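**Q** Please model the entire structure based on the sequences and the hints provided.
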Amino acid sequence: MKETQVVVVGGGPAGLAAGIEIAKSGGKVTVLDENKKPGGQLFKQIHKFFGSREHLAGTRGYEIGTKLLEETKELGVDVILDAPVYGIFEGKTVVYSKDGKQHQIKGDKIILATGATENTLAFPGSDLPGVMGAGAAQTMINVNRVLPGKKVLMVGSGNVGLIVSYQLMQAGADVVGLVEAAPNVSGYGVHASKISRGGVPIYTSHTVKRAMGDGEVSKVEICELDERFQMIEGTEKILDVDTICIAVGLSPMSEIAWTIGCDFTFIPSFGGHVPKHNENMESTLPGIYVSGDISGVEEASSAMEEGRLAGIAASEALGLYSEEKARELKGQVWKRLNTLRDGEFGEKRKLSKKTQISRYMEDANE
Amino acid sequence: MNRGVKFTGVPSMEEIKACPGTPSEERFEKGPVVAIECVQKIPCNPCEAACPFGAIEVGSSITNLPKLDEEKCIGCGICIPKCPGLAIFKIHKNYSEKTSLVEFPFEYLPLPEKGDQVPCGDRFGKYIADGKVLGIKNDKKNDGTTLISVEIPKEYFMEIRTICRGGER
Numbered sequence: 001m002k003e004t005q006v007v008v009v010g011g012g013p014a015g016l017a018a019g020i021e022i023a024k025s026g027g028k029v030t031v032l033d034e035n036k037k038p039g040g041q042l043f044k045q046i047h048k049f050f051g052s053r054e055h056l057a058g059t060r061g062y063e064i065g066t067k068l069l070e071e072t073k074e075l076g077v078d079v080i081l082d083a084p085v086y087g088i089f090e091g092k093t094v095v096y097s098k099d100g101k102q103h104q105i106k107g108d109k110i111i112l113a114t115g116a117t118e119n120t121l122a123f124p125g126s127d128l129p130g131v132m133g134a135g136a137a138q139t140m141i142n143v144n145r146v147l148p149g150k151k152v153l154m155v156g157s158g159n160v161g162l163i164v165s166y167q168l169m170q171a172g173a174d175v176v177g178l179v180e181a182a183p184n185v186s187g188y189g190v191h192a193s194k195i196s197r198g199g200v201p202i203y204t205s206h207t208v209k210r211a212m213g214d215g216e217v218s219k220v221e222i223c224e225l226d227e228r229f230q231m232i233e234g235t236e237k238i239l240d241v242d243t244i245c246i247a248v249g250l251s252p253m254s255e256i257a258w259t260i261g262c263d264f265t266f267i268p269s270f271g272g273h274v275p276k277h278n279e280n281m282e283s284t285l286p287g288i289y290v291s292g293d294i295s296g297v298e299e300a301s302s303a304m305e306e307g308r309l310a311g312i313a314a315s316e317a318l319g320l321y322s323e324e325k326a327r328e329l330k331g332q333v334w335k336r337l338n339t340l341r342d343g344e345f346g347e348k349r350k351l352s353k354k355t356q357i358s359r360y361m362e363d364a365n366e
Numbered sequence: 001m002n003r004g005v006k007f008t009g010v011p012s013m014e015e016i017k018a019c020p021g022t023p024s025e026e027r028f029e030k031g032p033v034v035a036i037e038c039v040q041k042i043p044c045n046p047c048e049a050a051c052p053f054g055a056i057e058v059g060s061s062i063t064n065l066p067k068l069d070e071e072k073c074i075g076c077g078i079c080i081p082k083c084p085g086l087a088i089f090k091i092h093k094n095y096s097e098k099t100s101l102v103e104f105p106f107e108y109l110p111l112p113e114k115g116d117q118v119p120c121g122d123r124f125g126k127y128i129a130d131g132k133v134l135g136i137k138n139d140k141k142n143d144g145t146t147l148i149s150v151e152i153p154k155e156y157f158m159e160i161r162t163i164c165r166g167g168e169r
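Note that the protein sequences, when read in sequence, are chains Z and P.
FYI, the UniProt record's numbering numbers position 125 of the first sequence as 125, with every residue one higher than the one before it.
FYI, the UniProt record's numbering numbers position 52 of the second sequence as 52, with every residue one higher than the one before it.
Just so you know, the hints here were simulated from the structure itself, not pulled from any lab data.
Please read all numbers here as calculations on a predicted model, not as lab measurements.
Glycine included, each C-beta is placed from N, C-alpha and C at the ideal position.
Some hints could be false.
Simulated coverage check for chain P against chain Z, where a stretch passes if three residues somewhere in it have a Cβ under 8 Å from a Cβ of chain Z [as the list claims (entries may be wrong)]:
no. : segment
1   : 3–9
2   : 40–46
3   : 59–65
4   : 74–88
5   : 118–129
6   : 157–165
**A** Here it is in structure tokens:
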């Protein structure tokens with residue numbers, strides 16, 4: 001059986017950043033990813049990122065992905081692709097499949113950076129071809145260069161819904177409208193303004209009543225909602241569309257963490273059940289770390305920072321950093337993370353993260 | 001009814017006037033200047049470093065709204081493509097007796113050509129008036145964000161912010 005110091009499950013922004021930090025400290029690390037290409041969702045992010053200019057703000061997501069990959073290469077991080085991990089067994093043995101065969105790799109430490117998955121929405125006709133996740137549409141246009149449809153209705157006004165709407169328009173589709181059940185836009189105003197300037201009507205307090213079509217979507221009926229989120233009769237509107245994109249949030253991909261027995265806590269603003277962890281991103285199972293969307297759905301910039309944090313902490317635990325050096329490095333990452341969780345959009349996430357860590361501490365003190 | 005960016009996706013005139021990135025009425029009279037229509041505290045600060053004249057300040061907390069020093073701003077527009085939110089516009093109110101010049105970021109294809117008459121729209125993409133394309137900047141350092149300047153009737157300098165997508169009037 002292959003052995004290494006750290007096994008990272010997931011090669012998106014969090015997993016790659018974790019791998020980079022471990023390699024930087026002189027550690028041996030293997031990153032496993034089920035996809036054929038590393039980078040997670042970064043390579044579909046064709047927009048310029050927000051954040052601090054020291055940390056690549058203003059750079060397009062796919063360019064950040066390219067930089068991460070160059071760094072992993074330079075540092076000699078072992079990345080195994082097309083390798084879905086389906087279990088972690090006693091003694092931190094990670095089992096994955098590759099080329100149709102089962103493989104095992106044993107690590108002293110494990111970092112779970114499995115990401116998140118899109119939520120779905122059920123309505124009459126939601127099983128018709130043409131109804132898809134916004135992330136799927138984004139993969140089609142930005143990775144595979146295929147336009148999923150010409151006339152799109154977007155459901156959900158979080159940053160995913162807003163950004164994918166914009167990118168669908170850039171790819172040549174018409175976004176005939178965006179519906180949002182809440183009375184206000186939930187993503188960044190600047191993203192909403194981009195699609196507004198492009199003439200997309202934003203229907204707040206609205207939802208999809210049903211999708212219609214013979215074998216594929218050809219029309220959608222939308223409807224206004226009252227303050228209790230009940231449909232208001234007589235407010236229905238029918239729009240001609242061939243595609244309905246669902247962008248109603250993400251949930252952490254936490255199956256592996258559940259099966260190995262990590263303790264979870266329920267934090268709705270992070271996407272539901274998330275593993276409890278401490279300030280080192282270590283879960284309730286010693287030597288098992290979490291980072292990125294699995295530890296609470298946020299965005300790529302904070303995922304990378306959490307990956308760095310987990311990487312540095314794992315290196316420290318392996319004795320690759322002195323306590324003092326590790327404290328300094330982790331302090332820098334926490335400072336950047338706190339900045340990313342500032343302001344009217346970040347405050348809630350900052351509080352949620354505090355709650356999540358304090359619930360870990362409560363258990364530890366019992 | 002425009003109740004503001006959180007409800008409509010577009011900042012209201014009140015929000016724009018109250019934001020520290022908006023030049024004063026007197027400054028618009030004096031010559032080209034940028035208008036930073038950034039009204040929400042999001043963690044972002046590339047505009048600050050983009051300005052070679054030190055006219056934009058975000059400060060130590062990166063969620064502060066960018067503050068424009070309108071005396072230092074010469075209206076060069078270098079900051080426009082650096083804003084990931086595409087929320088900075090260059091405005092030359094008194095471009096001529098009857099016209100203003102508005103420069104905005106544009107990330108769609110096809111691009112118009114210099115000299116074209118194009119339908120120009122407001123922040124909702126609603127057609128306001130025709131404008132004449134005077135400049136297209138597509139430098140490599142702008143990383144895919146094209147800057148387009150249009151000459152428009154002066155009365156709409158605070159309204160026109162784009163070319164209507166699809167060419168609709």
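**Q** State for each hint whether it applies.
**A** Status of each hint after checking the structure:
1. Given as covered by chain Z, the segment 3–9 of chain P passes the check, having 5 residues with a CB less than 8 Å from a CB of that chain where 3 are the minimum.
2. Check on the segment 40–46 of chain P: 7 of its residues sit with their Cβ under 8 Å from a Cβ of chain Z, so the three-residue criterion for coverage holds.
3. Evaluation of the coverage hint for the segment 59–65 of chain P: fulfilled, as 3 residues show C-beta separations to chain Z shorter than 8 Å, against a requirement of three.
4. Counting residues of the segment 74–88 of chain P whose CB lies closer than 8 Å to any CB of chain Z gives 6, which reaches the minimum of 3, so the coverage claim holds.
5. Closer than 8 Å: that is the beta-carbon criterion, and the segment 118–129 of chain P has 5 residues meeting it against chain Z, so the requirement of 3 holds.
6. For the segment 157–165 of chain P, the assignment as covered by chain Z holds, since 4 residues bring a beta-carbon within under 8 Å of that chain's beta-carbons and 3 suffice.
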